[in-house]
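**Q** Please build the complete structure, drawing on both the sequences and the hints.
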Amino acid sequence: MTDTPILQGKRALITGGSRGLGRALGVAFARAGARVAFTYSRSTPDADEAAAHMTQASPVADAPLVFQGSVADAKHVSETVAALNRAWGGVDILVNNAALTQVLPIALLEEEDWDRVMDVNVKGVYLFSRAVLRGMIRAKSGHILNIGSFASERIIDAPVHYAASKSALRGLTEALAREVGRYGIAVNLLAPGLLDVGLGQMLLPHRIAEYLSQCPAGRLGSADELSELAVFLVSDANRFMTGAKIVVDGGL
Amino acid sequence: MRALVFGGTGAVGSAVVRALAARGVSGVFTFRRSWGEAGALATQTGFDGACVDLSDPQALRGFLDALPPVDVFIHAAGVAPTGALAETTDAAWDETQAVTVRAAFIAARSLVPGMAARGGGALVFVGALDRGQSLPLPVAFAAAQGALPAMAMSLAKAHGAEGVRANVAALGLLDAGLSAGLDERARRDYLTFSAYRRLGTPAEVAPAIVWLALDAKAMNGKVLAVNGGV
Numbered sequence: 004m005t006d007t008p009i010l011q012g013k014r015a016l017i018t019g020g021s022r023g024l025g026r027a028l029g030v031a032f033a034r035a036g037a038r039v040a041f042t043y044s045r046s047t048p049d050a051d052e053a054a055a056h057m058t059q060a061s062p063v064a065d066a067p068l069v070f071q072g073s074v075a076d077a078k079h080v081s082e083t084v085a086a087l088n089r090a091w092g093g094v095d096i097l098v099n100n101a102a103l104t105q106v107l108p109i110a111l112l113e114e115e116d117w118d119r120v121m122d123v124n125v126k127g128v129y130l131f132s133r134a135v136l137r138g139m140i141r142a143k144s145g146h147i148l149n150i151g152s153f154a155s156e157r158i159i160d161a162p163v164h165y166a167a168s169k170s171a172l173r174g175l176t177e178a179l180a181r182e183v184g185r186y187g188i189a190v191n192l193l194a195p196g197l198l199d200v201g202l203g204q205m206l207l208p209h210r211i212a213e214y215l216s217q218c219p220a221g222r223l224g225s226a227d228e229l230s231e232l233a234v235f236l237v238s239d240a241n242r243f244m245t246g247a248k249i250v251v252d253g254g255l
Numbered sequence: 294m295r296a297l298v299f300g301g302t303g304a305v306g307s308a309v310v311r312a313l314a315a316r317g318v319s320g321v322f323t324f325r326r327s328w329g330e331a332g333a334l335a336t337q338t339g340f341d342g343a344c345v346d347l348s349d350p351q352a353l354r355g356f357l358d359a360l361p362p363v364d365v366f367i368h369a370a371g372v373a374p375t376g377a378l379a380e381t382t383d384a385a386w387d388e389t390q391a392v393t394v395r396a397a398f399i400a401a402r403s404l405v406p407g408m409a410a411r412g413g414g415a416l417v418f419v420g421a422l423d424r425g426q427s428l429p430l431p432v433a434f435a436a437a438q439g440a441l442p443a444m445a446m447s448l449a450k451a452h453g454a455e456g457v458r459a460n461v462a463a464l465g466l467l468d469a470g471l472s473a474g475l476d477e478r479a480r481r482d483y484l485t486f487s488a489y490r491r492l493g494t495p496a497e498v499a500p501a502i503v504w505l506a507l508d509a510k511a512m513n514g515k516v517l518a519v520n521g522g523v
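Sequence lines, in order, name chains F and G. Here the first sequence is numbered in my numbering, starting from 4 and rising by one per residue. Here the second sequence is numbered in my numbering, starting from 294 and rising by one per residue.
Everything labelled a hint here was simulated from the structure, so no lab data went into it. There may be inaccurate statements among the hints.
[Said to hold, decoys possible] Here are the in silico distance ranges between beta carbons for each label pair:
hint	chain 1	residue 1	chain 2	residue 2	range
1	G	D468	F	R157	58 to 66 Å
2	G	F398	F	R185	38 to 46 Å
3	F	A178	G	V432	24 to 32 Å
4	G	A479	F	E182	18 to 26 Å
5	F	Q105	G	G376	51 to 59 Å
6	F	G12	G	D482	35 to 43 Å
7	F	G92	G	A315	30 to 38 Å
For every residue, glycine included, the Cβ atom is placed at its ideal position computed from N, Cα and C.
**A** Here's what the structure looks like:
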């Protein structure tokens, strides 16, 4: 093994990077030598804290570039990618991580809840992917990693708009992989089981207990271990995997 | 850390042994006929080579019984029978099942208890078929390949709590190994329909197989498709 960090010199953009899995991804990518940028929608204190963690993780104390806005806002998306093109000359890695999770039974699920989840979890992926792909196609390389969920793989207790949005990413991932494969661009889907962040923090304790009773690993996944796996998936070491769905759920 | 690799002198197996050695892993690989390649690979990697006929259950059990403990098992040996249903002989069916499926089963039965007793281990079956795929494959090949994900799922459920992981790396067409025996039309179709529109190489897929074995600690009972997008 060489000592060169596996993402040395890579320019990585993570959506939804202020908290949870997005923050852990930023820290893992920074540790692996990447230059990191992330977006966030609401909490500036969270974003500041995440940025400090990423700077600390970077072997050269490189501070991430941080952008506030909604991934469903086309203006925010194009301005973010334009700023990165100016700052870095392009983006090598996009992780579409930003997602809304809202635990609601369908009877209480209003049309605006449905639209908001679909806008952030699906339309945001389309907008950011389209924006970075122009540069990736010119460069004839790049990695797009979409963050899905085991909610698209199993019949489980998941809010229907959330499960539908994550299932949509399977189709999006496969079709996009096919469309841009000719340019050497990889598009993959990382579908975690319940984690110690996100949906895993919102379900009722008896739902978590039910989940763990079916899961051979007997524990929730951690955002940190997921992020270490993601590092490989977006690295140059991953050269023949595209359109793949990588389900990481401890054996559920 | 010690590994056992079946089919170590094959195109994929030798790339896997090299990739393991690059990660500081030592161990043993099996081979069937290629004494020259086996000697060279052993010299390059520090692995030991063992000539074992994987289709002979008694020989395989004897080999495994004498084996020092291993933490990682990678089954990279395979058989790729060709031919339509009517031309597929019982012998071809049996050999494919024996090398692809029964050898993996015998290895798992022999190795999993020790792995569990030592706190865990990893099995990776190198295959060719994702669970959901629809591909025009010879019946004997498809049936044997289809058994691997089911076996990984079962092992994960039964032994995941003991720290044992079992997964499948489902490879697409490569420019070497079993893929080389494929007929020209199937190769052309693959080049047309795969996202990357090219064949893979053993050196490209080996890091993903090793990653599945050594690093993907929360993946169990799963199929990792490393196929250029089909």
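**Q** It remains to establish, for every hint, whether it holds in the given structure.
**A** Structure-based check of each hint:
1. Hint check: D468(G) to R157(F), Cβ distance near 36 Å, so the stated range 58 to 66 Å is violated.
2. For F398(G) and R185(F), the hinted distance range of 38 to 46 Å is satisfied, since their beta carbons lie about 40 Å from each other.
3. At roughly 30 Å, the beta-carbon separation of A178(F) and V432(G) lies within the given 24 to 32 Å, and the hint holds.
4. Between A479(G) and E182(F) the CB atoms are about 23 Å apart, so this pair conforms to the stated range of 18 to 26 Å.
5. Restraint check, Q105(F) to G376(G): a C-beta distance of roughly 54 Å satisfies the suggested window 51 to 59 Å.
6. At about 37 Å, the beta-carbon gap between G12(F) and D482(G) stays in the expected band of 35 to 43 Å.
7. Range check, G92(F) to A315(G): Cβ separation about 32 Å, and the 30 to 38 Å hint holds.
The structure is inconsistent with hint 1 alone, although it conforms to all the rest.
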